[in-house]
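Asks: Sequence:
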Amino acid sequence: MFVTEKMFMMKKFFFLFALAALLVGCSDDTTENRFEVPDVNVESNLPETEVFVQGQSLRSSNTSSKVAVTKGDYKWPNVNEEEGWECARFSIRADGYIPGYIDQSSALYFGRAPGKVGNNKGKVYSLFPYGHYNDRDLDYYKKDKKTGENIGLFRYVLDVDGMQTQRAIMEAPLVVDILGDEKTDLEAAIAKGQNVTKNLASLDKLNDMLALGSDYLESHVLWYVVKEVGMKNGWHVNGVISENEVPKYTVGIVPNEVEVDVHQQIHQDWNEIKTSVHIRDNVESITINIPLNQADIIEKDDFAIRVYDFDYSEYHVTHTITHDEKGITIVIDNIPAQLISDLKSTIGDGLTVEIHSYCTTEDVWEQLKNSRVMTTGSPTTVKGQIHCALHPETETDPVPIFVNK
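Going from the sequence shown to our numbering is simple: count from 1 and add 5.
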């Protein structure tokens, strides 16, 4: 089973989650360039259809691809596909500032380095619908604009209010335990004469935080980012001690539905359509047709049908994408009812699939707004919208998608 009774009894930071704004589906993505300006006469420069499940890339052509999990080297089981979690290290930022998803100087964080024995260990949900930054399977990494260095960030959820991150955290260590390990390390370094001035200053800050007491620290810790980074201890959770008490995410009802969002995005050097599919009910299959002119569909590899398989634990879902005279057709089937039920009971949402498609021109709105979705299996609510960043009025008043027609 994906969820066990033991998981529901965890005392700290284990919540039943409500439906909330999705983090990976429906925004106007204005990212750094992932592709050079495409030259349609040079095949290697063309973009390639991308499929993501819960924020993680599936890259396979007519072959099965297992969703990877991060295997750290902590001293307790670091990945549990049965219960759907992965190990994580936790850090508290010393100055209370929230910088975003990229770490600043390590001197600003309290929390033992990865791999050391201690209390700085917790669990995050493997199948939370994280946003994606870099793709694990590609040599390409986005670069820091100032330093030019690769940014080793894969999946993440960032929330300066600390609400969405609570949905991704299964179990967190006590703040006093994180700080206690750090205090032990600082005192040992000072005793050895290592960086005494700097370590004494850090120890003073740490003692000030500890003086607030465990109850205060637990009610005021704001975990602002959960992220998978490019190192062997792959998951980090960073937090601050907020001046205000941080509310706990409350229980809500997750609707039984399928929601589809088709969005034409603005990018400087390429034309992209992102299709987000949120599966929150027991259906057998979902078919989405985006009726572009076949000549307008651009693809690195010429293909008529491509299959992407999602495997996690005993679960298997198939995604088939077809490019032909009907446009782009996406079929998601073999959807396990138990997987959807498990996700709803743990992270407060279902399964999220993203498909990034590319076209030769931005002039596709007239075709795009005739997109449609069909489902098979148990009757359910099906809804969706189509919008286009080139037509700002559709961002606030999107065109409803055709359903089962």
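Bear in mind the hints are in silico, worked out from the structure with no lab data behind them.
A virtual CB, placed ideally from N, CA and C, is assigned to each residue, including glycine.
Warning: the hint list may mix true and false statements.
What the hints assert, rightly or not - Simulated restraints, written as ranges between beta carbons of each label pair:
1) TYR102 - PRO260: 35 to 41 Å
2) THR366 - PRO104: 35 to 41 Å
3) PRO397 - ASP100: 36 to 42 Å
4) ASP166 - LYS197: 22 to 28 Å
5) GLN273 - GLY198: 22 to 28 Å
6) GLU319 - GLU248: 27 to 33 Å
7) ALA342 - ASP209: 28 to 34 Å
8) LYS210 - HIS396: 20 to 26 Å
9) THR385 - GLU176: 28 to 34 Å
Asks: All hints are to be evaluated individually against the structure, with a verdict given for each.
Replies: Hints versus structure:
1. TYR102 - PRO260: 35 to 41 Å: 37 Å Cβ-Cβ, so the 35 to 41 Å window holds.
2. THR366 - PRO104: 35 to 41 Å: For PRO104 against THR366, whose Cβ atoms are near 39 Å apart, the range 35 to 41 Å holds.
3. PRO397 - ASP100: 36 to 42 Å: The hinted range 36 to 42 Å holds for PRO397 and ASP100, with Cβ atoms some 38 Å apart.
4. ASP166 - LYS197: 22 to 28 Å: violated, 41 Å
5. GLN273 - GLY198: 22 to 28 Å: Taking Cβ atoms as reference, GLN273 and GLY198 lie about 53 Å apart, which means the hint is violated.
6. GLU319 - GLU248: 27 to 33 Å: violated, 46 Å
7. ALA342 - ASP209: 28 to 34 Å: Since the Cβ atoms of ALA342 and ASP209 sit about 55 Å apart, the hinted range of 28 to 34 Å is violated.
8. LYS210 - HIS396: 20 to 26 Å: This hint is violated: roughly 51 Å between Cβ atoms.
9. THR385 - GLU176: 28 to 34 Å: Roughly 32 Å apart at Cβ, these two residues keep to the hinted range, so it holds.
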